[in-house]
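Protein sequence lines correspond, in order, to chains A and B.
Going by this note's numbering, 260 is the number at position 180 of the first sequence; the sequence numbering is gapless.
Going by this note's numbering, 1235 is the number at position 127 of the second sequence; the sequence numbering is gapless.
Rather than coming from a laboratory, the hints here were simulated on the basis of the structure.
Honestly, I wouldn't trust all of these hints.
Label pairs and their computed distance ranges (CB to CB) [said to hold, decoys possible]:
#, chain 1, residue 1, chain 2, residue 2, range
1, A, Asp303, B, Val1189, 50 to 58 Å
2, A, Asp415, B, Asp1162, 32 to 40 Å
3, A, Tyr418, B, Tyr1211, 33 to 41 Å
4, A, Arg460, B, Leu1269, 37 to 45 Å
5, A, Glu364, B, Val1189, 32 to 40 Å
6, B, Gly1147, A, Arg326, 28 to 36 Å
Facing chain B, from chain A, some residues (calculated, C-beta under 10 Å) [unchecked claim]:
#, residue
7, Glu86
8, Gln219
9, Thr253
10, Pro256
11, Cys351
12, Gly352
13, Thr353
14, Asp356
15, Arg437
For each residue, glycine too, the CB sits at the ideal point set by N, CA and C.
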Amino acid sequence: MLGITEGSMAVAEAVRLCRPQVVSAYPITPQTHIVEALAEMVANGKLDADYITVESEFSALSACIGASAAGSRAYSATTSQGLALMYEVCFNVAGMRLPIVMTIANRAMGAPLSIWNDQQDSISLRDAGWMQFYAEDNQEATDLHYIAYKVAENQKVLLPAMVCFDGFILSHTYEPVDMLSQEDADKYLPKFAPSERLDAADPVSFGMYATPEYYLEFRYETDKALKDAKSVIRAAGAEFGKMFGRDYSAMVEGYQLDDAETVIVAMGSLCGTVKDTIDEMRKEGKKVGLLKIRVFRPFPTEDVAAALKGAKRVAVLDKNISLGAKGATALEVKDALYGSTIPVYDYVLGLGGRDVRKKDIREVVALAEQGKGNQFIGLRKEVL
Amino acid sequence: MRELRIHGRGGQGSVTAAELIAVAAFEGGVFSQAFPAFGVERRGAPVQAFVRFDDRKIRLRSQVYEPDYIIVQDSTLIKDVNVFSGVKKGGIVIVNTEKAPDYKVPDGVKLITIDATSIALKVIGLPITNTSLMGAFAAATGEIKFDALKNALYHRFPKELAEKNIEAARQAFEHVKGATA
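Sequences and hints are given; from them, build the entire structure.
Here it is, written out as structure tokens:
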């Protein structure tokens, strides 16, 4: 049913409808509203789950490991420094092939301390073996949770997933969201029934130590599972579309792409502002389009290459930077276009909550047309 | 698309006002979006919150720089913050004040003043002006129906508190209707 609510509340409700059996999280701005709402649902009997309160994010995700390995559907949520504190645990979750789903309310990394939005936190964990979904709006943020669990728990995948949505910009925004019914959610997402789980009657081990004779193979198989997840993601997104009318089968989504000369590549809530700017520029006769990246891990390299093949130039926006190199999306897009002659220009913007306006997008297009990339957009030169 | 910017001080309920206006607008059949300027929330510090209204899905995520409507919850902000910045020609500014204005709004912009603090003190017993200003906004702009605002307040607050706030909103609504009739 279409209703209007805060992004965090919509996500909490979607998580409830996914029927997690164990929730463990530690509050941190701007994620706090989600886990507060879930704690309340558990306390009120609206969610039949164990809510494990812990003293840190490290423990929160560790508790989820135990729960997931024992065969429960487990959930956590965090952001920024909280995610950084989970760094070690994130690798363990993926290595143990546990399909935990975690919401990331994206926020900048300190120092300097910033509670505001960018995507540095989850991007910095792109190598951990988790799937990463990025939501453009709160509708997508809620829908991606069902899809994330469905894909994560697929026996071909068995890997964790982060559902990333921009902190404050989405998490604290009231906007309409069409919520599934419990019946529909159950139809789409069946009970978690892993083939392997911790069971005293039938003992197995998770996360054993691997000598040099085995470690390489473990990494190979985890990488392969993550890459193979692409077809599972497409199928799960298509099934969601068939059942509820919102199709998520594409890992990347084009907007005004067909005849676009300048194609902007972006991720998350930024895409909405880019679309509005494109509409304005199209009216002025500028052939601008957008390629939205919805799934960053596994990275849809071949989809990106195919979508961009008609472009005259590509302008990649990143709300993150691999310091000393470039924004993470720019690096991936350059890799996807390796061997082509299409120039790729990269722009870092919106870090630490800096508002991104339509005029910033116009500036990006103008710079790309002049062949100027490798820039921070909106730098206040007077404070440098 | 129409845009509203609310200026207030931390603790005056500017964010709640934005949320409830968005909820009421949605009930009236339009797409709406409400969000705060994500500042460091301290009691008394200048804060902003925003609402957008449109007939189609709202995608824009930047803050509001050229509003159609402005609500100023505390007229003492006017000397510290450029609260009228960017307001569109034909726009409407609602200021909570008991005084005659000693400031000017830009040309072509309509100024409505209302003593929301007195209404709130009289009806609610607290100087919480946001609900009165929501009533004034409904009357001045027509973006939200009074009944939808009432429903939003009932949904948000316990019954007794909701009723006091609805009465404050109603008095402000009628005051503005009377003044602009």
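Checked hints:
The hint said 50 to 58 Å for the Cβ distance between Asp303 (chain A) and Val1189 (chain B), and at roughly 53 Å that hint holds. Range check, Asp415 (chain A) to Asp1162 (chain B): Cβ separation about 38 Å, and the 32 to 40 Å hint holds. Under the hint 33 to 41 Å, the C-beta atoms of Tyr418 (chain A) and Tyr1211 (chain B), about 60 Å apart, miss the expected range. Between Arg460 (chain A) and Leu1269 (chain B) the beta carbons are some 44 Å apart, a value that agrees with the proposed interval 37 to 45 Å.
With their beta carbons about 34 Å apart, Glu364 (chain A) and Val1189 (chain B) fall inside the hinted range of 32 to 40 Å. As the Cβ distance of Gly1147 (chain B) to Arg326 (chain A) is approximately 34 Å, the hint placing it in 28 to 36 Å holds. For the restraint placing Glu86 (chain A) at the interface with chain B, the shortest Cβ-Cβ distance is roughly 7 Å, inside the 10 Å limit, so the hint holds. This hint holds: Gln219 (chain A) has a C-beta 9 Å from the nearest C-beta of chain B, less than the 10 Å allowed.
At about 4 Å, the closest approach between the beta carbon of Thr253 (chain A) and any beta carbon in chain B falls short of 10 Å, and the interface hint on this residue holds. For Pro256 (chain A), the interface hint holds, the least distance from its beta-carbon to any beta-carbon of chain B being 6 Å, beneath 10 Å. For Cys351 (chain A), the interface hint holds, the least distance from its beta-carbon to any beta-carbon of chain B being 8 Å, beneath 10 Å. Because the closest C-beta pair between Gly352 (chain A) and chain B is about 3 Å apart, less than 10 Å, the hint holds.
Proximity of Thr353 (chain A) to chain B holds as hinted, the smallest CB-CB distance being about 5 Å (cut-off 10 Å). Hint status for Asp356 (chain A) relative to chain B: holds, with the closest Cβ pair at about 5 Å, below 10 Å. A distance limit of 10 Å between C-beta atoms decides the matter here; for Arg437 (chain A) the minimum to chain B is near 4 Å, and the interface restraint holds.
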